[in-house]
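Start from the sequences, fold in the hints, and give me the full structure.
In case you want the letters, here they are:
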Amino acid sequence: MSTATEALAYSVEKIREDFPILKREVNGYPLVYFDNAATSQTPQQVIDVIVDYYSNYNANIHRGVHALSQEATDKYEQARKKIQEHFNAKKAHEIIFTSGTTHGINLVANGFGSLLKKGDEIIVSALEHHSNIVPWQILAEKTGALLKVIPMNQKGELIYSAFEELLSEKTKLVFVNHVSNALGTVNPIEKIISKAHEYNAAVLVDGAQAAPHIKADVQALNVDFYVVSAHKMCGPTGVGMLYGKEEWLNKLPPYQGGGEMIATVTFEKTTYADLPHKFEAGTPNICGGIAFGAALDYMNNLGFDKIAAYEEELLHYATKKLLEIDGMEIYGVSKEKTAVISFNINGMHPYDIGTILDKLGIAVRTGHHCAQPIMDFYKIPGTVRASFSFYNTKEEIDAFIKAVIKAKAMLA
Amino acid sequence: MSKSIQEIQEEIIDEFSMFDDWMQRYEYMIELGKSLPLIDEKYKIEENLIKGCQSKVWVHAELNGEKLEFTADSDAIITKGIVAILIRAFSGHHPSDILEADTQFIDEIGLKEHLSPTRANGLVSMIKQLKMYAIAYQTQLK
Chain A
1 MSTATEALAY SVEKIREDFP ILKREVNGYP LVYFDNAATS QTPQQVIDVI VDYYSNYNAN
61 IHRGVHALSQ EATDKYEQAR KKIQEHFNAK KAHEIIFTSG TTHGINLVAN GFGSLLKKGD
121 EIIVSALEHH SNIVPWQILA EKTGALLKVI PMNQKGELIY SAFEELLSEK TKLVFVNHVS
181 NALGTVNPIE KIISKAHEYN AAVLVDGAQA APHIKADVQA LNVDFYVVSA HKMCGPTGVG
241 MLYGKEEWLN KLPPYQGGGE MIATVTFEKT TYADLPHKFE AGTPNICGGI AFGAALDYMN
301 NLGFDKIAAY EEELLHYATK KLLEIDGMEI YGVSKEKTAV ISFNINGMHP YDIGTILDKL
361 GIAVRTGHHC AQPIMDFYKI PGTVRASFSF YNTKEEIDAF IKAVIKAKAM LA
Chain B
1001 MSKSIQEIQE EIIDEFSMFD DWMQRYEYMI ELGKSLPLID EKYKIEENLI KGCQSKVWVH
1061 AELNGEKLEF TADSDAIITK GIVAILIRAF SGHHPSDILE ADTQFIDEIG LKEHLSPTRA
1121 NGLVSMIKQL KMYAIAYQTQ LK
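Heads up: the protein sequence lines correspond to chains A and B, in order. Numbering of the first sequence is given in the working numbering, commencing with residue 1 and proceeding in unit increments. Numbering of the second sequence is given in the working numbering, commencing with residue 1001 and proceeding in unit increments.
By construction, these hints were calculated from the structure, which means they are not laboratory data. Treat the numbers as computed from the prediction; the structure is a model and nothing was measured. Check before you lean on any hint, since a few could be wrong.
Facing chain A, from chain B, some residues (calculated, C-beta under 7 angstroms) [what the hints assert, rightly or not]:
1) W1022
2) S1055
3) D1075
4) A1076
5) I1077
6) I1078
Ideal placement from N, C-alpha and C gives every residue a C-beta, glycine not left out.
In structure tokens form, the structure reads like this:
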């Protein structure tokens, strides 16, 4: 164990003090929250920003001459700047505020509707969340483009050589997640991006599951589009960001019509506003955007290196303990994975296990995790998924293991 | 005379009142789920399947004289236990009695959370389906 992880492990109790919800009891037991891949909890520092916004400077942005509007606009644009710096985008206007990852993906998919033609090809990965499959299916149907799928292996990794074979001059777009939500696999997106660029295909990376654990540098990755949700990284729900390279964002048509996104409007012709406003029709989630910035501050303050090292420790500890349970099957055993464990025991239904864990105060996700193709691959109805965050502890993992053993005994 | 739905529900409430805590209740339900053959395999077909997202529920209905009889099953054992309880209460009654009956007793035996519309276990759709059958067969009996 490095000194850095020791330092953080030592201060995890202090970090937990920042999260009021972690003091809660559920069904008479202290809450053990292991559903972080679905949504992360919110630190007091972010809650304070939300309260401050509504208490002190709630106003509509970008159009008011009055002081509150100016203040809200400044804070909102500062948040955009923070996001830009965090993901190392070249320009602030390459950051588009969205309602979340799904919105970002749909915005791009919709935009490509006018750029694709019959016979073009789109490649998605077998590890995708439904939100990164369905929009492309709709797009393929609309344009006559062909949807191709990068297959996965038993370990839950994408088969890179198969991806290379799928690529051709017809490939216009590649969509892949940075980290699989169901299995935690970290995909080799650097390689995928540079290979796709050899064929001039654009690449959209769904960073929703990566962002809480890995600080992505969009310029170093040379990725064309990168999407995330704030609520997975200590921010509020209903806000996220789409990063797009300026040249791509200029090529895409607007997604929604409305206020804010126009330059001039007459009944004959409307000219669109410049980036990023072209894609931000209507009053945005102002408070959410500002709180997103505060969440990034919070996480950067802790340090992503420390977070990753500590979470890896939790992952190894939990994996080892779980594997000691007879009949345990873990899905997704890639060397490169985030702190997510998807498992089943002896053919027991994940719903049953999850129900008993909940009774014992432990929050996990059960089901197909909106990734049915992965479940079909393993021929299972779903899994129990425990996902850890930097505020979880080994003691919580011990309680969880005890609960899993209890559930197994009850259901056997 | 056979018991009314109301009487059966009260009987179930009585049985569950013997348990001190949730664990005993769940153990009993798991037992119910395990021991009962709830549906003929030949009826576990796509048409009878209620997709509950996480756990699947199959329901089959048959009219026997003026009584509507249900058989059902689930792939998750806790769901199956509740299915068994619901079948016990609702099966073998006149369609109009089934239509009038409610599921309040599930609350009273401490299993309310399983009938939440957001629970994704197929139970809410199953009850809806039982009522739909009751409507259909009631029309037929008239």
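Do the hints match the structure? See the list:
1. Hint on W1022 (chain B) holds. Least Cβ distance to chain A is approximately 6 angstroms, under the 7 angstroms limit.
2. With a least beta-carbon distance of about 5 angstroms to chain A, the hint placing S1055 (chain B) at the interface is held under the 7 angstroms criterion.
3. Because the smallest distance between the Cβ of D1075 (chain B) and any Cβ of chain A comes to about 6 angstroms, under 7 angstroms, the interface hint for this residue holds.
4. Annotation: interface hint on A1076 (chain B) holds; nearest CB of chain A at approximately 4 angstroms, less than 7 angstroms.
5. Taking 7 angstroms as the C-beta cut-off, the interface hint given for I1077 (chain B) holds, the closest approach to chain A being about 5 angstroms.
6. Nearest Cβ of chain A to the Cβ of I1078 (chain B): about 5 angstroms, under the 7 angstroms cut. The hint holds.
Against the hints set out earlier in the document, no violation occurs for any number.
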